[in-house]
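K.L.:
Here's the letter readout for the chains.
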Amino acid sequence: MAAPLDVAPSGDVAPEAMLSGISAKAIEGRSLGQIAWLRLRRDKVAMAGGAVVIFLILVAIFGPFLVQNPDIYHANLINPTLSRPNGPFGGISVAHPFGVEPVTGRDVLSRIVNGARVSLLIAFLATALAVSIGVVMGIIAGYVGGWVDGVIARSMDVFLAFPLLVFAIALVGVIPSSAFGLSGNSLRIGLLVFVIGFFAWPYMGRIIRGQTLSLREREFVDAARSIGARGPYILFRELLPNLVAPILVYSTLLIPTNILFEAALSYLGVGIIPPTPSWGGMISDAVNSGFYSIDPMYMIIPGLAIFITVMAFNLFGDGLRDALDPRSSR
Amino acid sequence: MTARAPAPHPVITFIVRRLIATVFLLIVVSMITFAIFFLLPRLAGQTTRGLASQYIGRNPTPAAVHAIEQQLGLDAPLPVQYGRFLRGIVLGEHFNAGTSKAYCPPPCFGYSFKNQQPVWPMMVSGLPVTISLAAGAAILWLVGGVAIGVISALRRGTLFDRFSMGVALAGVSLPIFFTGLIALELFSYKWPIFPNVQFVPFTQNPLLWARNLVLPWIVLAFLYAALYARLTRAGMLETMSEDYIRTARAKGLPERTVIFKHGLRAALTPIVTIFGMDIGLLLGGAILTEVTFSLHGLGLFTVEAIQNQDLPEILGVTLLAAFFIVIANLVVDVLYAVVDPRVRR
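Going line by line, the protein sequences match chains A and W. Positions 1 to 330 (my numbering) are the ones given, in order, by the first sequence. Positions 1001 to 1345 (my numbering) are the ones given, in order, by the second sequence.
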């Protein structure tokens, strides 16, 4: 299918492609995806963000196997009278590049790396859930229309009326410590993914609904219908491929929001249960132990980890949006 | 237009219709909240006895738990319980928890057996803090964010634009509690420009009220200002390239008029919608700010309710938060109808 991705009028594409200094022959065989990729590759900031994202994903997957156990105490690195790490900047050394925690002497690097795994896992799963519900609901609402659209659009309004953060912390408070055959952190992770995913889908749903509404009126849909294609085929084979761009962009931008959300919950003490490391939990430890004034690195390192991760996803997401939809980057 | 009896003003009709829809939305939202709070724990294997013990002190006697269970009708079907809750909001409710008797006057959003107090007055006592925090921050971020966005759009590509957009991107990527802690550390302890961040009622000492809230305001506003600067800039760039802007310039309007009356006005419309939603959702940001700065508002109340596992308080504050959002949306819709005639349909 000639994907009429709503990217740019053809007059816009050709001169831009020529700018990259390739002969006219090469331009003919270039798909819209390739054009977007070319554009993305030229956006150095977005590429840097993308590189950091890939690095972080690799760290989250393989990092925990490479660093030491995050729960080992190193009492010998702690000043016995002041309970703070020996040496400057929170005890930074070759063996502990990010230093050690006050009191316990746990290695900060390994806690950051293990925290990355938890943080990204929750963010990705919650995003996947929100995106799947949002896409299915949005595409159905936009394509079917009528009362179905009315019901779905209203329910999106209702969901958007829920105070997500309040709701999430409240829900964690009322669920017993073991439920649904899960307990401890696997229950918490499941709960967080469910809450975030279940209440964040309307954002995606609205975007997809709007896009579907305009795509529905396009000629290629009429063409498919005229050769006898039915609802499900049109929905998933004709419409869905054209929605890949917005889905990709808004998923990339939803992930950092979810990372911040998980960090906030762990900071408030209703996210990941210690001693399992999480970035928000590390900041909360630094505050509650009262050591963040004496040993600022204790708080700054997890804070920077959140900041860099969220920033990288945002930069990459912004670049992706500009590459896939040049109109937005005017 | 038919020549019927004089119809009410379209704005009035619109407002009435939106009011009815809002009441409906409030009921649906409260029903879902209620269902999730009572159904989900039950699905998760929580017994009504376990729930009842969440209502009461830390080491309850079985008899007291049973009394609560009976009294609150926790074993009754959910719709019955919901109806009782609604009646409590309108009429108030008498609680009789074993040894202690208590009256919860309307609007009764539940009764905290752990604190021996109705939930509503406790929430109301936290409101001035949260409202002070929210109002100051909202003004700061709306003015700051929109101004930076407009200037960036008009001076696109300049050093100012690049710098402020860089800061804005950092702003949306920083967790509130992290910026809050750093601000507290630097400006309250290291260089005590704003020492002792604590709430002083406005009526008591407006100057101290403002001085003590400056740090929380800036921290909370920074995140949103960054967001609004980005949105305003994008909106301004979009509108300023519209044909009617060219027309306005062509007919010789002064640039100031073109920018503010024709450009900014159109670019601000989506900002108003988002502003309404953000105000409604602000309790979320207020929770983190209040916890970080130890301000005893609704946000800290929520967190303490969770830590105490005090179900009536949790339910009450969640409902209140949902009501905020619905009301904020209503206000925005009505403002829209007044400003933009196309909306009144």
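Everything labelled a hint here was simulated from the structure, so no lab data went into it. Worth double-checking, as some hints may not be accurate.
As the list claims (entries may be wrong) - Quick list of simulated restraints, FRET-style, between CB atoms:
1) I72(A) with I1131(W): 26 to 34 Å
2) P1206(W) with Q68(A): 28 to 36 Å
3) S226(A) with R1156(W): 43 to 51 Å
4) D157(A) with I1193(W): 52 to 60 Å
5) R218(A) with P1206(W): 38 to 46 Å
6) G150(A) with E1255(W): 27 to 35 Å
7) A1021(W) with S132(A): 36 to 44 Å
8) R1042(W) with I294(A): 32 to 40 Å
9) H1296(W) with P274(A): 45 to 53 Å
10) S214(A) with I1027(W): 54 to 62 Å
11) I1139(W) with S214(A): 47 to 55 Å
12) P274(A) with V1011(W): 26 to 34 Å
As the list claims (entries may be wrong) - Stretch by stretch, here's where chain A covers chain W in the computed footprint (C-beta under 8 Å, at least three residues):
13) 1032-1043
14) 1120-1129
15) 1214-1225
16) 1248-1261
17) 1267-1278
18) 1293-1306
Just so it is clear, the structure is predicted and the values come from calculations on it, not from any experiment. Ideal Cβ positions, reconstructed from N, Cα and C, are used throughout, including at glycine.
K.L.:
Using the Cβ atoms, figure out if H1296(W) sits within 45 to 53 Å of P274(A).
P.N.:
violated, 26 Å
K.L.:
Just to be sure I understand the hint, the distance between the Cβ atoms of R1042(W) and I294(A) should be within 32 to 40 Å; is that true here?
P.N.:
violated, 47 Å
K.L.:
Taking beta carbons only, do three or more residues of the region 1267-1278 of chain W come closer than 8 Å to chain A?
P.N.:
violated (count 1)
K.L.:
Assuming the hint says 26 to 34 Å, is it satisfied by the Cβ distance from I72(A) to I1131(W) or not?
P.N.:
For I72(A) and I1131(W) the Cβ distance comes to about 47 Å; the hint is violated.
K.L.:
When you take the CB atoms of P274(A) and V1011(W), is the distance between them in 26 to 34 Å?
P.N.:
violated, 55 Å
K.L.:
Mind taking a look at whether chain A covers the region 1293-1306 of chain W? Criterion is 3 or more residues with CB to CB distance under 8 Å.
P.N.:
Three-residue rule met by the region 1293-1306 of chain W, so holds; n is 4.
K.L.:
Given a hint of 52 to 60 Å, does the C-beta separation of D157(A) and I1193(W) actually sit inside it?
P.N.:
Cβ of D157(A) to Cβ of I1193(W): about 44 Å, so the range 52 to 60 Å is violated.
K.L.:
Indicate whether the distance between the beta carbons of R218(A) and P1206(W) respects the range 38 to 46 Å.
P.N.:
violated, 59 Å
K.L.:
Range hint 54 to 62 Å: satisfied by the CB atoms of S214(A) and I1027(W)?
P.N.:
violated, 34 Å
K.L.:
Please verify the coverage claim for the region 1032-1043 of chain W: does it have three or more residues whose C-beta sits within 8 Å of some C-beta in chain A?
P.N.:
holds (count 7)
K.L.:
Are G150(A) and E1255(W) spaced within 27 to 35 Å by their CB atoms?
P.N.:
Taking Cβ atoms as reference, G150(A) and E1255(W) lie about 45 Å apart, which means the hint is violated.
K.L.:
Cβ-Cβ distance between S226(A) and R1156(W): within 43 to 51 Å?
P.N.:
Holds, at about 46 Å.
Of the hints listed earlier, those the structure fails to meet are numbers 1, 2, 4, 5, 6, 7, 8, 9, 10, 11, 12, 14, 15, 16 and 17, in rising order.
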